[in-house]
Each structure stands twice: as C-alpha cells, then as structure tokens.
Amino acid sequence: MQGVGIDLAERSTYGHLSPSSVRRLADRWLRPEERAWCAAQPSFREAVVIVLSCKEAVYKAWGRSGGVPELSLAMEGHGAGGWAVGSDPAPIQVMACWQVGEASILALAVAAPAGAARDLLERLRQSGPFARPIRLFLTRTRDTSPGHSCGSQPRRGAPTCGTNIR
Amino acid sequence: MHDRDRIGRRVREVLAQVLDVPAKSIDQDFSATSSVAWTSLNHLMLISQLETEFDVVFSNQEIRELTSYTTIVDTLGRRLDSVA
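Quick mapping for you: the protein sequence lines, in order, are chains A and B.
This note's numbering puts the last residue of the first sequence at 166; the count rises by one with no breaks.
This note's numbering puts the last residue of the second sequence at 1084; the count rises by one with no breaks.
By construction, these hints were calculated from the structure, which means they are not laboratory data.
Accuracy of the hints is not assured; some may be wrong.
[Unchecked claim] Computed, partial: chain B to chain A, Cβ under 7 Å:
| # | residue |
| --- | --- |
| 1 | Asp1020 |
| 2 | Ser1031 |
| 3 | Thr1039 |
| 4 | Leu1041 |
| 5 | Ser1048 |
[Unchecked claim] Per the computed footprint, the stretches of chain A lying under chain B, defined by three or more beta-carbons under 8 Å from a beta-carbon of chain B, are:
| # | stretch |
| --- | --- |
| 6 | 38–47 |
| 7 | 75–84 |
| 8 | 99–108 |
| 9 | 111–120 |
[What the hints assert, rightly or not] Here are some of the chain A residues that sit facing chain B, going by a computed Cβ distance under 10 Å:
| # | residue |
| --- | --- |
| 10 | Glu56 |
| 11 | Trp62 |
| 12 | Gly63 |
| 13 | Glu70 |
Idealized CB from N, CA, C, for every residue including glycine.
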C-alpha cells in the first residue's frame, strides 16, 4: 500500500455558503461527470463537498494536501455513503469512500496497487473510523497551509487528525 | 498602479464572506495558520470567489501560495498591474 488519507469536512465550515457560491465552486473544481453526479444527489451542496473531500483524502493518501483537485473521480453510490474511484489508469490506483454524519462528512482514501485498492479500503472501512461510534479529533498547529494533513505522511508542522474510539 | 487599499478592502470582504468571519478580524496577519475557518475546502471556495471578484485566473502555483491576506493582496496587485 502506498498511503492512507483521511479528510473531515465539518458542516459548520461550509453550511453558510450561498447556492451561487457552491455552484461556482463546482464549476471551478469539479469535472463535468462529477458535477452531473452532484446534480443527481438530494443535496447539491453536500455532494460537492463529498467530491472535494474525497479528492483531498486521495491527495493525502499520496502524501500531499492543500493542492489543486485536478484528478477525476468516478462516484459510486449516493446519500449517506459510497465510493469514489480514481479514473486514471495507473499502476497505483486511488480510491476513497465517504460517510455523511450529523455534523460532518468523513472521507477515507487509499493509494494502492491496482486491483488491491478496493479490498484494502473495504478492510480499513470495516476496522477504522467508519466501523463504530467514534469521536474524531483535530489538532491544529500554528504552522500550516490550508486544511489539515491527515495522510500517512503528514508534513512537518501540519495539523494532524486521527480517530479516538469511544 | 492599482490602489492596494482598495484591493485590500475587497479581499477582506471576500474572506469574511467565504470564511464566515467578521471583516474586522481580518488584519495583516490573517492567514490559513491563524484561522480555523480556512480549511482546504474553504480555500478552494476562496480561490473561485476571488477569481470571479477580480476577473483573474490563478495558476496552480499561485493557488498553493495564496494562504494569507497579505499574499492575496500582493498577488492581486501584481496581476492587476500587469493587465493595466
């Protein structure tokens, strides 16, 4: 396995955005097929955040964050949870899954050899933060770029996040 | 030469709107480091809002570097001067 990434988008940090702002966000950062998936979801706003959160988790699995979400994800599923599969054919495949909670959206991603990513992610999903009630905690330091780095190779000084099983 | 104060006022308005923080809390030291509201998601929102407001398109390098109020104002000042 190349890496694991996790991203948490708290509703309190995006709930205030106007519909036109969310539309602009989608037009700027999502690919047409991703926008089409968002348009078919019950909440366009939440769907846009899901896609971007999955992309951020994928970047963290690659050991990067705060980047420009250029990769394309094929979204599978809808509503409370599903899968996002990197559509670029490569020896290393990226894949994410997400779960919508009451106050946040949690995305978990892996970068792994093609063919193994889904199995690895499913195992992580069953044993990790999605599996039982958890309290996610975030710690921020004073030395970071936007977002928090929760990948397997966090940058020095970057905020970290993890799971605390209750 | 574009008026830096005027650019600064408009940037402050965009930051306040996107990050949902009081405009008066945005000073010269305001940055992704100092604001918990400046998440990775809101950073993308901020970039798209600034591009619309100032009619510019930032490069990938600029997008990664625009992580503080002063950097945004300086970058926009240069960009707007170059097209004036």
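Verification of the supplied hints:
no.: 1; hint: Asp1020; result: 5 Å, holds
no.: 2; hint: Ser1031; result: 9 Å, violated
no.: 3; hint: Thr1039; result: 5 Å, holds
no.: 4; hint: Leu1041; result: 6 Å, holds
no.: 5; hint: Ser1048; result: 4 Å, holds
no.: 6; hint: 38–47; result: violated (count 0)
no.: 7; hint: 75–84; result: violated (count 0)
no.: 8; hint: 99–108; result: violated (count 0)
no.: 9; hint: 111–120; result: violated (count 0)
no.: 10; hint: Glu56; result: 5 Å, holds
no.: 11; hint: Trp62; result: 14 Å, violated
no.: 12; hint: Gly63; result: 15 Å, violated
no.: 13; hint: Glu70; result: 8 Å, holds
Checked against the numbered hints listed earlier, the structure breaks hints 2, 6, 7, 8, 9, 11 and 12; every other hint is satisfied.
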